[in-house]
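Student: The lines below spell out each chain.
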Amino acid sequence: MKLCVLVKQVPGSESALRIASGNTWVEDAAALFEMNESDNYALEEALQIKESLGNDSEVVVVSMGPERVQKVIREALSKGADRGIHINEIPEIKSDPFATAQVFANVIKVENFDLIFSGLQSDDVGSGQTGVILGEMLGMATATLVMATEVQEGSIKVKRELESGWFQWVSMSTPASITIQSGINQPRYPSLKGIMGAKKKEMKVVDLSTAVTIEKQQSFANIYLPIADKKTEMIEGNVDQMVSRLVDVLKTEIKVL
Amino acid sequence: MDILVVLENNNGAIHRMSLEAIVAAQKLADEQNLSNAILAIGADSNALANAAAHYDTGEVLTAEHNLLSVYNSDGYAAALRQVIDQEKPSYVFFGHTYMVRDYVPKISAQLQRPFLCDVISLKTNDGLSFAKQAFNAKLAADLGVASEGTILVSFQSAAFNADLISSGSAEIREVAVELDEGMIKTTAEEPFQEEAGGVDLTAAEIIISVGRGIGKEENLPIAEALAQAIGGEISSSRPVVDSGWLPSFRQIGSSGQTVSPKLYFALGISGAIQHVVGMKGSKNIVAINKDAEAPIFELADYGVVGDLLEIVPKLTEAILAAKN
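Just so you know, the sequences run in chain order A and B. Start counting the first sequence at -17; every next residue gets the next number (my numbering). Start counting the second sequence at 38; every next residue gets the next number (my numbering).
Simulated from the structure, these hints should not be mistaken for lab results. A couple of the hints might just be wrong.
Below 25 Å or equal to it, Euclidean Cα-Cα: the simulated DSS-like pairs (lysine-lysine) are [as the list claims (entries may be wrong)]:
(1) 213(A) x 160(B)
(2) 186(A) x 175(A)
(3) 91(A) x 186(A)
(4) 233(A) x 299(B)
(5) 320(B) x 212(A)
(6) 233(A) x 317(B)
(7) 237(A) x 160(B)
(8) 213(A) x 317(B)
(9) -16(A) x 175(A)
(10) 320(B) x 213(A)
(11) 160(B) x 212(A)
(12) 317(B) x 212(A)
(13) 53(A) x 76(A)
(14) 317(B) x 237(A)
(15) 320(B) x 299(B)
(16) 327(B) x 213(A)
(17) 91(A) x -16(A)
Turn these sequences into a full structure, and let the hints steer you where they fit.
Tutor: Laid out in structure tokens, this is it:
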């Protein structure tokens, strides 16, 4: 089976965010990048499927962005993915899931993947659409928010998360594009052997910026700090002072003591 | 037709987030003198349409087919796409539910039209624009749309207040959709609940909620001691459940429960959208987090920047002392 994992490199949860000039994205230099959280679960799911199938199955990791994204591709290779494809960034489409999917579709259609995995949404743009649109463009079945997979030759059954603690099993023939919910598995750490081995694995770099027509649909026109609709009292001082003010708030303002 | 609101069926009734989308449509229709309509699709569409006909809307449409009786993304996408082709709305509004996330991107792909998702506000002062959160709710973004034609828009939970829905009276009209089994690539089984029972967090007056900032499972008793001292229930954000430190029925957020207690203590919770949609209706929010820039502070009534492992035990002690 040929398995594809889309991974994205995003500013991590601890990263500083500084709005870049032009107000459409954040400054690269200020950010601490890491693999998008749910993509890490998607990668683990693909690796576990490959291992359970054994033999000639292959996991290919695909990421779009500037050169720095090769770091997350290498990370995936060191965990056991077989090869990587780095698609050079096309800056004007980074907040456009449709155009992003169009680029992925152009690059990977020749691979004839049986399964495409992606995280349910990115921590930067957060549209949660790319995996579904890509599947649709490639004529695949799709399923989102997946919490378990059962793969057989030619088909996959997935447990989809619905709302409020409900789930549903959905079956489909491959090829299929599946978006993975965080928590589906326990992502592994790379081993030292894996890290050494990753250096020898293939990383193909693709530049598409002039090769395809991209139909841009939407973008971040202007980003800014959220406007707080609440007035927040920041409680300051040393720990004892903060605790004393908190008790005061609980007693006299919220009235729960 | 200018605005079409698509209803979602929640156990035979209109989903709360669909009502919020109707409020958005009514507001926009009022401000810009636009026409609006409501569409019920699939199972129970007649019951939903009858309920929707009592709201202030131009008309109510139904689209039914036996292949839509159990939700499936291909069937829903194909049916709605046919309605859009026939009715040509400028905007199609949805609640940003898990179901909408599952099938609406397909329509975006098929129509080659933008799906603006998880929208938190619409602005009408300078033309019409939509805004969403970005970078895990630490920033907000006004969305630009590249071209003319139908725009699909889903609204984040509580972006509009369902209580503000205007009443009216509307006619119901059926729209024909043609589907065949060849269009549907998936087979869905009946939905089921995995961990029923546990606690009903929606009834709790005080909730002590822990996030990733708790660090490790061994630190949980610190939060539990506070909950016991103050008489609250323990809950958490998703990462804590994913790590197996608390059962999933204690999870607050889009995939867990939605609560609005008198007091919500957010301990080491950054305030990711997925969590916030489940608790932002709380009457009082107290947040303790070591990251001064955590988005939870935007939402909190009281904020403490500091190490919860140091502050919470002392707070528990002080609360016990105050009670005696």
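Student: Compare the structure with each hint and give your call.
Tutor: How the hints compare with the structure:
| no. | hint | verdict |
| --- | --- | --- |
| 1 | 213(A) x 160(B) | holds, 22 Å |
| 2 | 186(A) x 175(A) | holds, 22 Å |
| 3 | 91(A) x 186(A) | holds, 15 Å |
| 4 | 233(A) x 299(B) | holds, 13 Å |
| 5 | 320(B) x 212(A) | holds, 12 Å |
| 6 | 233(A) x 317(B) | holds, 22 Å |
| 7 | 237(A) x 160(B) | violated, 37 Å |
| 8 | 213(A) x 317(B) | holds, 14 Å |
| 9 | -16(A) x 175(A) | holds, 24 Å |
| 10 | 320(B) x 213(A) | holds, 13 Å |
| 11 | 160(B) x 212(A) | holds, 19 Å |
| 12 | 317(B) x 212(A) | holds, 11 Å |
| 13 | 53(A) x 76(A) | holds, 18 Å |
| 14 | 317(B) x 237(A) | holds, 20 Å |
| 15 | 320(B) x 299(B) | holds, 5 Å |
| 16 | 327(B) x 213(A) | holds, 20 Å |
| 17 | 91(A) x -16(A) | holds, 12 Å |
The structure fails hint 7 only (numbered hints given earlier).
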